[in-house]
Amino acid sequence: MSDIFPKWTNRLPLMALIGGAILGVTAVAGSWYYLTPEYSRVGYQPTQPVPFSHAIHAGQLGLDCRYCHSAVDQAAHSNVPPTSTCMNCHIQVKSTSPKLEVVKESYESGKPIPWVRIHQTPDYVYFNHSVHVNRGISCVECHGRIDQMEEVYHAKSFSMSFCLECHRNPEKYIRPVDQVYNLGWEPEIAVDSELDGSAFIDALKQEQISKGKELVEHWDVNPPTSCSACHR
Amino acid sequence: MKNSDLNPMPKPSNNSSQSGPTYWRSLDQLADTPEFQEWAQREFPAGASEMNDPFTRRRFVQLMSASFLLAGFGLTGCRRPESRILPFSKHPEDYIHGEPDYYATSIPGKTGSTPVLVKSVDGRPVKIEVNPDHPAGISGTDAFGQSSILDLYDPDRAFRFTSKGAGTDRATVMDKLSAASKKFNANQGSGLFILMESSAAPTRDRLVKSIQSKMPKAKICVFDAVDTGSSAQGAEIAFGSRLAANYHLQSARVIVSLDNDFLGMEEDAPRMIRGFAKSKKAASPDDPVSRLYQVESVFSLTGANADHRLRAASSGVIQVAIDLAEKILAAKSGAGVTGLASALSRVKAAHSGKDGLWKSSSEWVSACAEDILSREAGEVVLMAGSRQPAEVHALVHALNHLLGADKGLVTYRSVENLANQSISELVSDLNHGSVDTLVILGGNPAYNVAADLEWSKAQSKAGTSIRLGYYPDETTKISTWGIPQAHYLESWSDTTTADGVWTPVQPLIEPLLGGVTEIEVLARLIGSSETDPYTLVKETFSSATGELEIEESWKKALHDGYLEGSASAVETELQPDFKAVANAVESADFPTNPLSSDNLEVVFARDYSVDDGRYNNNGWLQECPDPISKVTWDNVVSVSPRLSRELNLKNEQVVEITVGGSTVSGPVWIQPGLADFSIVLPLGYGRELTGRVGEGTGYNAYTVRPSKSPNFAVGAKLKATRQTYELATTQEHGSMEEGGSFMQGRAIIREANLDQYQEHPDFASRMGMEAHAKNEGSLYENPLDNPKYRGLHQWGMVIDLQSCIGCTACMVACQSENNIPIVGKAQVRRGREMHWIRNDRYYTGDIEDPQVANQPVACQHCETAPCESVCPVNATVHDEEGLNVMAYNRCVGTRYCSNNCPYKVRRFNFFDYNQRPLDKLYWGPLAEKGMPDLLQMVKNPDVTVRMRGVMEKCTYCVQRIEQAKIKQKSIAKDSDNIRVPDGTFTSACAQACPADAITFGDTADPESEVSKLKEHPRNYALLGYLLTKPRTTYLASVRNMNSNMPGAAKPASFKEYEEKNGDPFAHHGDDHSDHSESHSDTEKKGAH
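Sequence lines, in order, name chains A and B. Letter 213 of the first sequence, counting from 1, is numbered 213 in the working numbering, and no numbers are missing. Letter 327 of the second sequence, counting from 1, is numbered 10327 in the working numbering, and no numbers are missing.
No lab work stands behind these hints, which were simulated from the structure alone. Note that the Cβ used here is the ideal one computed from N, Cα and C, for glycine as well. Hints should not be assumed to be uniformly reliable.
To be verified - Think about it this way: if two alpha-carbon atoms lie no more than 35 Å apart in a straight line, the pair counts; the simulated DSBU-like pairs of lysine-lysine are: (1) B:Lys10555 to A:Lys111; (2) A:Lys205 to B:Lys10967; (3) B:Lys10967 to B:Lys10119.
What the hints assert, rightly or not - Here are some of the chain B residues that sit facing chain A, going by a computed Cβ distance under 7 Å: (4) Ser10083; (5) His10097; (6) Asp10976.
Work the whole structure out from these sequences, hints included.
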């Protein structure tokens, strides 16, 4: 009679409780992560209609970002260049390359090249490029090392906390305005051969913060952190 | 308000200090009816949060659960969809995506245009602003100007060429035009009739003249539903030539307006408002302040702003004018003056036979005349309204000359009259079958020609009728050919402002629906080789400048929005012909029977929302409350309180009005301040064929409008019926009174007389609760006393109630800037209108003849905002620069904030007003979703379009603030020059205000305009005693009363304030005993 429910079944409710709790936490944490831009956007790298390489143009050739994205320091939106900008050079350079077929066709027909959008803020966010690049926030802070990307991918999460991290601690990211488009810029530190990798990085960070604090003070940088900054 | 069995009309009583409220918004409030009590005490009006009709709550739940079930099947693909970026292939020069461009153009008007700057984003015009550099000196537009952008994107506008109502193509109609042109060029225009509206358009005039010279037999008829030509006709009598009078009020000391609504529905209102507001600014107590005397039958916006208002029937205004003229002439001498004076006495003797016929208001007129005569030459100006006949205008022109007003307060310039036929002549020609081709440019004669002329029948007798029209309306329906008209933002044209300055009309966008302009139709009719409006306008410009090489000056004129030095010559040395004036007055029409409740006068008025019907399909205007009655979406039959008592009428009761055999019925609106036996029928409603917005609104007053006396008619009868018609009025919405009833010393409106202001410049701070509380210091420091905001700028606003005239331009400007939806009549009745800024109108004093006070109220941006502390989700919080901001994405729609807001300025999206048709709001998911493409284009891309279930309110135009800050920071680069200079930008309401009553800026900058105004002695905070510390404050208004005027020693409001709360100029704080009694008395009343 007593064997219908063996003794271990006494622990069943407890096990179910713990198991359920673990399952619940995993499910919540999992879907939480799944729904953040950290998961959903970072690494997004669609195939573009033209295999344009930023690594060659911005990296090797050293074209300034503003050669193509000419409105970035004047407007809220940073423009994707018109086909005519490509053809400024490619009317002569590599003019027969098959990779440029789509570009040439667009140039002749007047139809736009359908680039696939990678970076996007939601409709209720009013991000402004010009104020960031004019006040010492480099492209690299949001877009990563574009100058090293063969094909552009989404490098940072663009979540609200991502924005706020910088708005709360601008000294960690700010740099002289003439270095904004130099994506590889690092603060200068006295080279100390004894510093190993991580120590060197720490020193860089220290230098950035102390230099950044100076800039923040001199330029009266006071990034807004309230809702009205981005939501209107 | 539901109709009650009680007549809400209170008995007029003199002991108002004992029982009546100081300020009242409606008759229900004055009578303190149970309906008003209930309305005012409820947080939201009855049924506001219930799904009542046409679905029951149960049905709603059924539908919703079904739709949730269905929604589950559709929940696939939660990934963000792939989207594309499509850059130009070749980039247009100077174009930056998302950055606005501004173009100078102008809004055509009948006698003059309004010069504007139009903001265009990515190729679509989105906002109308005034052109501040134009020499017309206008500082804002009116509500019509602001809302004209919505007409551009009206999905119901005409979009196809029609042949007898059926669609056809452009080429066919254009071929018809050139065929007609050939024919009439050959026969000198015999049988060609052109009907158009008046317009100050040089190119159009040039083309009309060219028609007249090439086709001398062609007839031109200029017809306006509401004619504004009587002033020029009056000048023709007085001076012998057709002249337009142009008033410059800024230096006037006394303005006498005879039935002239120059602040409202007369032409060129924005410029007149500016001049009027300047003349009474009272920046310091020593500044001269103008005084406005108004004589009128209707209660107009101008009457509401008058220091002294005389109620007189429109038909009796001529009597007042003669009485006034007699007194003035008696003090003047000169050739012809005595002759005119004796002619006036003869007229008076001849027409005052019956008792009470010559409406005597001698005390008022004497006091007014005495005031006029005590002033120096050139300080007084008289004006007559276009409703008044030419004889009154002639008399006014003559008096203005005698008073020296023509030395600067009024200037004259000659105007042409191109018409050679009147509308009744045209109708008789039509009926005789002598019209071969009738070309109708604009207008809408089938709707707005007086019914007794039977236009539709007449037009059907024309051989061919060609109609250029903006809407597929009543006239297009009966015309042989229909041509869609282009909006002024799609057209090349030109205009002149009231002073004759050449002003371009340039397009910001290609005609969206293939519209054609008036001048193109005329050019094709002439058969000229050049039909391109751009070239035609440029040709006119070339002849206006008189230069051969015009390219540079043309570009400059387009850029500036005017041609420098092109103002018309001002006529000087004008001598009125007193004899002609006397003759005209002697032959004028005078009432033959005294008015009474069975011999009523009917006044036909342009409507504050739809004008003569042209804005009937404009939702912003339809929902913008009438500035006086606060009725939306309908026109009413306004009757005076006395008439309503005599005939036992109630609000919303349907009555039949019979004028000369025709009858129309409409809902009664008891309008305090109306002349006793005048009833007002606003025009422009009851359209047979209009768009989806205007459909089913109001009744058509044109059907009883006699062609002989189109402005007012005597001998009307009013018959009550047992029906009622629901009206949507906002006059009781947003009530800030405690217990709903009384202001109870809250002193929401503060005003004083000019001498009180001069004696006590700080009178405003002596009124109201703050002044009564004795400051004994507090035991503990209140952290809310000095809230700290660390931002560099601290935004604030000052609204000058002395300048504000209550025109509602700010409401529409805000609607345009901030993507505010319209909600429809049914929702307005429930108090759900979405206007972020409302314009409160308070009556005060006698209900037969009240004074009016206006107050625009938007979110006050309280530093210690009561709404913030009750939001459970932190959706409304403060930012570092003192704005009370709304994060729409956080809002879950509890509406606690709205409940806790003492100013009642928060607006809740009960429905998806932007996405659902307004007549199907209760259909839920069964109604179609989405905005028409055209309507999407009117939205400001810098402002979020809100959805159902979120709260919204005034943001101080946060998008403009942020853009200005960003621009300044972009300029600053690596410097600390990041403070936005004062005057760089302003809020939409302040920018639109034609009276310059609103000032917005940075209060942290002591040199800013707004900081200086905050230091002004008349500055006060609304409900300041609640310690909400609002960032918006008001400047109390000052009335400039004539102390000799009977019963007008103090503003009615001030007097009543004093009776209730004691003399505000007595010492405060330590002697509370004298009025503590009256306070407790009112408190008791508030508690019931």
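Given Ser10083 of chain B as an interface hint, is the shortest Cβ-Cβ distance to chain A below 7 Å?
-> holds, 4 Å
Holds or violated: Lys205 of chain A to Lys10967 of chain B, with C-alpha atoms at most 35 Å apart | holds, 31 Å
Would you mind confirming whether the straight-line C-alpha gap from Lys10967 of chain B to Lys10119 of chain B stays at or under 35 Å?
-> holds, 17 Å
Measure nothing beyond the straight line between the CA atoms of Lys10555 of chain B and Lys111 of chain A; if it is 35 Å or shorter, mark the hint as holding.
-> holds, 32 Å
Restraint satisfaction for Asp10976 of chain B [CB to CB of chain A, less than 7 Å] | holds, 4 Å
Does His10097 of chain B pass the interface hint, meaning its C-beta sits closer than 7 Å to a C-beta of chain A?
-> Since the shortest Cβ distance to chain A is 5 Å, the answer is holds.
Going through the hint list in order, the structure satisfies each hint without exception.
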